[in-house]
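**Q** Residue numbers (this note's numbering), protein chains in the order written: chain A, 1 to 348; chain B, 1 to 348; chain C, 1 to 348.
Please note that the accuracy of each hint is not assured.
Identical copies carry no separate label here, and so any pair may be met within one copy or between two of them.
To be verified - Straight-line distance between alpha carbons at most 20 Å, and here's what the computed SDA-like set of lysine to any residue pairs gives:
id, residue 1, residue 2
1, 151, 111
2, 338, 328
3, 262, 280
4, 247, 193
Keep in mind that the hints were calculated from the coordinates and are not lab data.
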Amino acid sequence: MTYTLEKIAEQIGGVISGDGSIEINGASNLENAQKGEIAFLSNDRYIQIAKHSKASAILVHRDLENIDLNVPTIAVENVYSSLADLLSIFNNSYHAAETGVSDLAFIHNKAFVHKDCHIGAFSIIEAEAIIGQHSRLMGQVYIGKNVTIGKNCIIYPGVKIYGNCVIGDNVIIHSNVIVGSDGFGFAPMKDGSFKKIPHIGNVVVEDNVEIGAGTVIDRATMGSTLIRKGVKLDNLIQIAHNVEIGKNTVIAAQAGIAGSTKVGENCQIGGQAGLVGHLKIADRTLIQAQSGLTKSTRKEGQKFYGSPAIDYDNYLKSFAIYKNLPDLQARIRELEKKLDALGDSEQK
Amino acid sequence: MTYTLEKIAEQIGGVISGDGSIEINGASNLENAQKGEIAFLSNDRYIQIAKHSKASAILVHRDLENIDLNVPTIAVENVYSSLADLLSIFNNSYHAAETGVSDLAFIHNKAFVHKDCHIGAFSIIEAEAIIGQHSRLMGQVYIGKNVTIGKNCIIYPGVKIYGNCVIGDNVIIHSNVIVGSDGFGFAPMKDGSFKKIPHIGNVVVEDNVEIGAGTVIDRATMGSTLIRKGVKLDNLIQIAHNVEIGKNTVIAAQAGIAGSTKVGENCQIGGQAGLVGHLKIADRTLIQAQSGLTKSTRKEGQKFYGSPAIDYDNYLKSFAIYKNLPDLQARIRELEKKLDALGDSEQK
Amino acid sequence: MTYTLEKIAEQIGGVISGDGSIEINGASNLENAQKGEIAFLSNDRYIQIAKHSKASAILVHRDLENIDLNVPTIAVENVYSSLADLLSIFNNSYHAAETGVSDLAFIHNKAFVHKDCHIGAFSIIEAEAIIGQHSRLMGQVYIGKNVTIGKNCIIYPGVKIYGNCVIGDNVIIHSNVIVGSDGFGFAPMKDGSFKKIPHIGNVVVEDNVEIGAGTVIDRATMGSTLIRKGVKLDNLIQIAHNVEIGKNTVIAAQAGIAGSTKVGENCQIGGQAGLVGHLKIADRTLIQAQSGLTKSTRKEGQKFYGSPAIDYDNYLKSFAIYKNLPDLQARIRELEKKLDALGDSEQK
Numbered sequence: 001m002t003y004t005l006e007k008i009a010e011q012i013g014g015v016i017s018g019d020g021s022i023e024i025n026g027a028s029n030l031e032n033a034q035k036g037e038i039a040f041l042s043n044d045r046y047i048q049i050a051k052h053s054k055a056s057a058i059l060v061h062r063d064l065e066n067i068d069l070n071v072p073t074i075a076v077e078n079v080y081s082s083l084a085d086l087l088s089i090f091n092n093s094y095h096a097a098e099t100g101v102s103d104l105a106f107i108h109n110k111a112f113v114h115k116d117c118h119i120g121a122f123s124i125i126e127a128e129a130i131i132g133q134h135s136r137l138m139g140q141v142y143i144g145k146n147v148t149i150g151k152n153c154i155i156y157p158g159v160k161i162y163g164n165c166v167i168g169d170n171v172i173i174h175s176n177v178i179v180g181s182d183g184f185g186f187a188p189m190k191d192g193s194f195k196k197i198p199h200i201g202n203v204v205v206e207d208n209v210e211i212g213a214g215t216v217i218d219r220a221t222m223g224s225t226l227i228r229k230g231v232k233l234d235n236l237i238q239i240a241h242n243v244e245i246g247k248n249t250v251i252a253a254q255a256g257i258a259g260s261t262k263v264g265e266n267c268q269i270g271g272q273a274g275l276v277g278h279l280k281i282a283d284r285t286l287i288q289a290q291s292g293l294t295k296s297t298r299k300e301g302q303k304f305y306g307s308p309a310i311d312y313d314n315y316l317k318s319f320a321i322y323k324n325l326p327d328l329q330a331r332i333r334e335l336e337k338k339l340d341a342l343g344d345s346e347q348k
Numbered sequence: 001m002t003y004t005l006e007k008i009a010e011q012i013g014g015v016i017s018g019d020g021s022i023e024i025n026g027a028s029n030l031e032n033a034q035k036g037e038i039a040f041l042s043n044d045r046y047i048q049i050a051k052h053s054k055a056s057a058i059l060v061h062r063d064l065e066n067i068d069l070n071v072p073t074i075a076v077e078n079v080y081s082s083l084a085d086l087l088s089i090f091n092n093s094y095h096a097a098e099t100g101v102s103d104l105a106f107i108h109n110k111a112f113v114h115k116d117c118h119i120g121a122f123s124i125i126e127a128e129a130i131i132g133q134h135s136r137l138m139g140q141v142y143i144g145k146n147v148t149i150g151k152n153c154i155i156y157p158g159v160k161i162y163g164n165c166v167i168g169d170n171v172i173i174h175s176n177v178i179v180g181s182d183g184f185g186f187a188p189m190k191d192g193s194f195k196k197i198p199h200i201g202n203v204v205v206e207d208n209v210e211i212g213a214g215t216v217i218d219r220a221t222m223g224s225t226l227i228r229k230g231v232k233l234d235n236l237i238q239i240a241h242n243v244e245i246g247k248n249t250v251i252a253a254q255a256g257i258a259g260s261t262k263v264g265e266n267c268q269i270g271g272q273a274g275l276v277g278h279l280k281i282a283d284r285t286l287i288q289a290q291s292g293l294t295k296s297t298r299k300e301g302q303k304f305y306g307s308p309a310i311d312y313d314n315y316l317k318s319f320a321i322y323k324n325l326p327d328l329q330a331r332i333r334e335l336e337k338k339l340d341a342l343g344d345s346e347q348k
Numbered sequence: 001m002t003y004t005l006e007k008i009a010e011q012i013g014g015v016i017s018g019d020g021s022i023e024i025n026g027a028s029n030l031e032n033a034q035k036g037e038i039a040f041l042s043n044d045r046y047i048q049i050a051k052h053s054k055a056s057a058i059l060v061h062r063d064l065e066n067i068d069l070n071v072p073t074i075a076v077e078n079v080y081s082s083l084a085d086l087l088s089i090f091n092n093s094y095h096a097a098e099t100g101v102s103d104l105a106f107i108h109n110k111a112f113v114h115k116d117c118h119i120g121a122f123s124i125i126e127a128e129a130i131i132g133q134h135s136r137l138m139g140q141v142y143i144g145k146n147v148t149i150g151k152n153c154i155i156y157p158g159v160k161i162y163g164n165c166v167i168g169d170n171v172i173i174h175s176n177v178i179v180g181s182d183g184f185g186f187a188p189m190k191d192g193s194f195k196k197i198p199h200i201g202n203v204v205v206e207d208n209v210e211i212g213a214g215t216v217i218d219r220a221t222m223g224s225t226l227i228r229k230g231v232k233l234d235n236l237i238q239i240a241h242n243v244e245i246g247k248n249t250v251i252a253a254q255a256g257i258a259g260s261t262k263v264g265e266n267c268q269i270g271g272q273a274g275l276v277g278h279l280k281i282a283d284r285t286l287i288q289a290q291s292g293l294t295k296s297t298r299k300e301g302q303k304f305y306g307s308p309a310i311d312y313d314n315y316l317k318s319f320a321i322y323k324n325l326p327d328l329q330a331r332i333r334e335l336e337k338k339l340d341a342l343g344d345s346e347q348k
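Generate the whole structure from the sequences, applying the supplied hints.
**A** Structural data, given as structure tokens:
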């Protein structure tokens, strides 16, 4: 599809400088853009790259509106938000056509599937499950007994949701995610073996959450594991039983949150980071990738690094010296020598 | 369902203090319990919380039997073991009804499925596979050629078991686990490419093992990757080819064990920990979360921390100083200055 | 099956010392080999073990050809390469029989499936997808709209490939791998929420790649996430959007590569290692397990360790002192005392 720059500016709410009548057939980044495509410039560090880009138009932050990039621009307030709108325009969907409820799916006769749903082949919808309006369940999905799925959700192939879990509206769950598996809870017995503690709780995922491929969210022992509104989870994340993730918190791939930890709102947790169990983390906490948080935090907006994690700046200061520990040791040896020499001369 | 406290005490084998005739309709923890529910108190630190709980009864350790918690109690020797029994009573199962072998499953005509099994829709049971009595395979499971599954197993949706693997009795395998994928073994060639080494071995999972969602256990190059009796694996764990995990060892989420490492019995390995290949780990070894063990251990019951991992206490002592390395460096600088000053005064 | 040693030597291209007429019925390692089996010796450290092995023949490096191991040997130039060939001979396949396209698969009428393919039960092949000659898709696989799969691929049960992705020839993808899920990209909004950035790119996996079980490769925001020829990925790895992995690079289990990072050719990345986003990594770089690389590298063949990662040898030197930081601190305290004493005596 092709759109005039004017049409695009209108749809994403931006201000054109230059010729609005040119035609745009796709979007790309500055380096890879071809003639006919629109690219984006979010940061004045890339102005030189922008000037040499082959793009036919550039989406820019309005502070950069007056810089001459040799091609027409659309100026906006939030480049990334407008980029999201822009890509929606050119999103030549990779989704298969929606065809209603597949004859090849198994829908229990006691399940409630809204008539405006897509249920792909080889999916299983168990008894008492509810699938909300306009939700799209791709093929090979498993929706357990008494699960509720809200409206406008996208559930990708291979997702498995155990019984009694609740998914809100506008939730996106990527392939092979598991929601509601039993938590890791066992009673140690005298003979060294472990007795399984049944998990009678569930998982509640609120509205507007996105869950990345292969991520696992365990059900609560009792009560609910809670993923609050607007949370974004990347791929291959472990969320243990009875965890709560606060509103709009984002967690990068392969991070793990141990049992019963409560993470605040608007936190950012880096990739491969780990939080031990039973912590309480304040809002807007930042945890660097690969860090291991072992203590609760009260003050909002703190930044942590290391394993065990400490204050981010302090970690970097200590690490700067760590890298030179052999020097430090040599200096101590030198001091010892000198002091010995002094001691000797004193004794003379 | 509702039970008298008396009935519950009888079933879990505890001793009542107070009115055994009250009716209990569910179980919860001290903070969230509602009237009519039974909570549990495992630790005297939580006595004040217990006194303010809305629970109608409390399961307590027998050492706490004589403390007045304002409500009737059931005293037991092992609170977590009795909690497991208690939750079994109230486990309003999230499992779908068992309906025998689904017409929508593919069962190879050379597979042996015991008549008292449940095989869910869209499962595949290949030739020569054996499924033992009372085992329940949920939907969308793949059981490869010549796989043996014992009795009373629960295999959740999406589990894939490659050919020739052997699963014991009473094994629970959560969704999307993979058992028997090829190990990561390649012969480096002169041109920089790698030639695949075929993996002709298998995986043997013994009785009473539980495997968490999304975990992967690779088959052996030759011989067997071994998961011994009673092992409990959490979610998203990597077990490489030819690994052996000893009896009753528990491993937390996202840990990884590299090829040919033999872990002893009753070990505990923390989340995101890693063990390099070809190690031999003594029984009852404890490995802290995120640690990286690089050496074999001979003495039983040691505790490790850090990457590379060292003795737990030593790691913490070193880390306490690491946090203050800038101070340490400043003290060295101060010493150098003073010594220089002394040196100067000496020379005068 | 049984083969004479002579026949085996002929097939793998090796030189026999001893009786070539003996019969061999399997392959194993030195410790576990039984009479009738052939084992292998790659390293002169294991000569004593080889001498006590029950193996009836041993595959050896040609430098070890003249050592008497009490049994006939086959000498070869690259033991691991020849072992791969040897195991192929004895690979009593764990694969189910190939039966063409299963009646129980869903093949869209606009998909192009080569007539010499195997498509297992409960697989979904969406519109415009192309499946190349001799490719084997096991059961429960999802191939999205407009995906291309080359020739001679093996796609194990449960693999999900999102629309528009491209897979080359001779690619092996293990169970439950996800290729083409949306990258983790969101525009932060003023109210603290996040707006999804559509991902209109794809993933391109070139020839001869192997992808381990449970690994996730996200699609590009725009353009392609690229896995170059001969790359070998282990299990549970995270490859983020717009990453490029260079030719013949191998990555061990649970490693993660953040968005837009370009890894060079013939690199080796250890298990649980992490690379932050937007890096450029030189060819033949070695990254130790659990390390966290935070900076681009220019020089080829460097080795890194630690989190953040620094030069491997420097890390080990610093770590050796780290382990003894309490000693170092004590020495500084001692120096301070001595210097104070000196200072005092000076003042007298």
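**Q** Next step is simple, just say for each hint if it's right about the structure.
**A** Taking the hints in turn, this is what the structure says about them:
For the homomeric pair residue 151 and residue 111, the shortest alpha-carbon distance inside one copy (16 Å) is at most 20 Å, but the shortest distance between copies (30 Å) is not. Taking identical chains as interchangeable, the C-alpha atoms of residue 338 and residue 328 lie at most 20 Å apart whether they share a chain (15 Å) or sit on different chains (17 Å). Only within a single protomer do residue 262 and residue 280 lie at most 20 Å apart by alpha-carbon distance; the minimum there is 5 Å, versus 36 Å between protomers. Taking the closest pair of Cα atoms, residue 247 and residue 193 come within 20 Å of each other only across two copies (8 Å); inside a single copy the shortest separation is 39 Å, beyond that limit.
Every hint, counting from the list given before, is met by this structure.
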